[in-house]
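Undergrad: Chain residues, written in single-letter form:
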Amino acid sequence: MTAKIFKRPDGRKPDEIRKMEAKVGIIPNADGSAMFRFGDTIAFAAVYGPKKMHPQHSQDPEKGTLRCNYNMLSFSVNERIRPGPSRRNIEISKITEWALEPVLMIGKYPNMVIEVHINIIQANASTRCAGINAAAMALAHAGIPMRELVSSVSIGKLDKQLVVDVSKDEEDWEEGEGATDIPITLTKSGEITHLQLDGKITKEQLKEVLGLAKKATAKIYEVQKKALKESLEDEK
Amino acid sequence: MAERKIVIPGESIVKGNDFLPGEGTEKRGEEIIALRYGLSEEVNRLVKVIPLSGVYQPRRGNVVIGKVENLTMNGWLIDVGTAETAFLPLAEVPRYVNKDALEEIMDIGDMVVAKIFGINKRGIDLSIKSRGLGKINEGLIIKVNPNKVPRVIGKEGSMINLIKNETGCNITVGQNGLIWIKGDKIENELYAKKAILFVTEKSFVSGLTEEIKKWFEKEKK
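From first to last, the protein sequence lines are chains A and B. Here this note's numbering is used: position 53 in the first sequence is 53, and no number is missing along the way. Here this note's numbering is used: position 162 in the second sequence is 162, and no number is missing along the way.
Honestly, the hints are just simulated from the structure, not real lab data. Since this is a predicted model, take the numbers as computed values, not measurements. Check the hints yourself; a few may be wrong.
Unchecked claim - Straight-line C-alpha distance at most 25 Å; calculated BS3-like pairs for lysine-lysine: (1) B:Lys135 x B:Lys67; (2) B:Lys185 x B:Lys218; (3) A:Lys63 x B:Lys121; (4) B:Lys202 x A:Lys229; (5) B:Lys121 x B:Lys182; (6) A:Lys23 x B:Lys5; (7) B:Lys115 x B:Lys148; (8) A:Lys188 x B:Lys15; (9) B:Lys148 x A:Lys51; (10) A:Lys226 x B:Lys148.
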């Protein structure tokens with residue numbers, strides 16, 4: 001770590017995550033649902049299924065299928081974005097599927113699909129991470145068998161300083177080397193299910209990034225765990 | 001009985017080799033890990049997880065209520081709220097059926113009480129060969145969350161028997177969350193419906209049967 005304390009635009013410490021909030025069971029009509037929040041970034045996830053896969057030709061008789069749909073609502077950012085599937089929405093939907101599939105045990109659901117709908121209500125960067133965190137909780141809430149939970153965080157690089165949980169100001173950082181954004185998803189036991197890199201980074205620093213991500217996801221996991229346990233507290 | 005605790009997927013329930021992994025759990029090394037979200041329970045060293053949310057998981061022996069979706073050459077396709085449609089074969093109907101006129105027994109849209117007698121790769125097989133099973137001709141059908149069904153039935157049927165006695169209705173609870181109420185008067189049926197919905201709303205209260213007794217006393221006034 002560099003000796004001098006680096007100043008982030010919102011005054012956070014380099015390894016400080018924005019205020020997190022999580023809630024389970026927010027959508028009564030869904031089979032499982034959850035909300036996850038990083039500061040101003042709010043993601044809602046709803047799970048439907050396992051149900052019969054339609055269209056029939058995409059049924060897989062060997063195992064179940066996971067279908068994710070990530071969507072940023074038109075009012076989630078300052079300038080209205082065109083609603084509906086965009087290149088970015090489709091890409092992040094696929095990424096979310098890949099991040100979640102390794103922990104799901106959906107082998108016993110042949111010809112069935114589990115649908116995950118992620119909606120970003122309000123965005124201030126790290127939306128895909130908030131979405132994955134919410135989706136993991138919603139899948140657990142829907143009673144889908146899972147090996148473990150996953151937690152996701154984005155690590156940024158402002159000039160040469162690594163920071164945890166990137167905000168929009170930091171994503172657009174122009175000084176020095178510019179900004180690098182690395183969203184990572186880790187399971188509780190520390191296995192990587194998803195890692196993206198937008199920008200450039202050295203091999204040594206990438207190792208440092210993984211260390212930071214491990215610490216940050218441990219904190220996120222605690223928030224997810226607490227939310228799941230609290231929602232059942234009165235059922236006990 | 002050991003204490004029940006809330007578990008989340010990937011969480012270790014107990015350590016040591018004295019325990020056996022049951023439903024919703026897995027053995028990893030020396031630990032028993034939960035694979036589902038719910039309450040963990042230890043019975044005779046068998047550890048299992050009771051799910052409290054999610055869709056209905058069909059099981060052999062469950063009595064379910066479904067709607068006839070289609071007629072085929074040799075039986076009926078019935079929607080019981082699962083991903084796979086359930087099949088009721090002709091052979092499992094305890095009376096003579098004219099193969100050319102299946103609709104005489106049950107037509108599309110009819111409701112039926114049936115028992116799951118087998119689950120395999122093709123789907124779910126149903127039977128109406130026991131007492132209390134068969135086509136529903138009259139009454140009221142309501143839907144509740146399938147995870148709340150054990151609460152509606154109560155310990156050894158205590159809750160449902162109480163409601164039956166208080167309202168004078170005949171009630172059949174399907175494990176898939178559909179409940180058939182049959183009384184002599186529509187008022188009684190609606191009364192039973194109100195009581196059942198009260199149970200599902202208050203499902204987290206301990207000593208729920210007592211609570212319902214009080215509720216009935218209050219309603220009588």
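Undergrad: Look at each hint and say if it fits the structure.
TA: Hints, one by one, checked against the model:
no.: 1; hint: B:Lys135 x B:Lys67; verdict: holds (10 Å)
no.: 2; hint: B:Lys185 x B:Lys218; verdict: holds (21 Å)
no.: 3; hint: A:Lys63 x B:Lys121; verdict: holds (11 Å)
no.: 4; hint: B:Lys202 x A:Lys229; verdict: holds (19 Å)
no.: 5; hint: B:Lys121 x B:Lys182; verdict: violated (35 Å)
no.: 6; hint: A:Lys23 x B:Lys5; verdict: holds (19 Å)
no.: 7; hint: B:Lys115 x B:Lys148; verdict: holds (19 Å)
no.: 8; hint: A:Lys188 x B:Lys15; verdict: holds (18 Å)
no.: 9; hint: B:Lys148 x A:Lys51; verdict: holds (20 Å)
no.: 10; hint: A:Lys226 x B:Lys148; verdict: holds (23 Å)
The structure fails to meet hint 5 from the earlier list, while all remaining hints are met.
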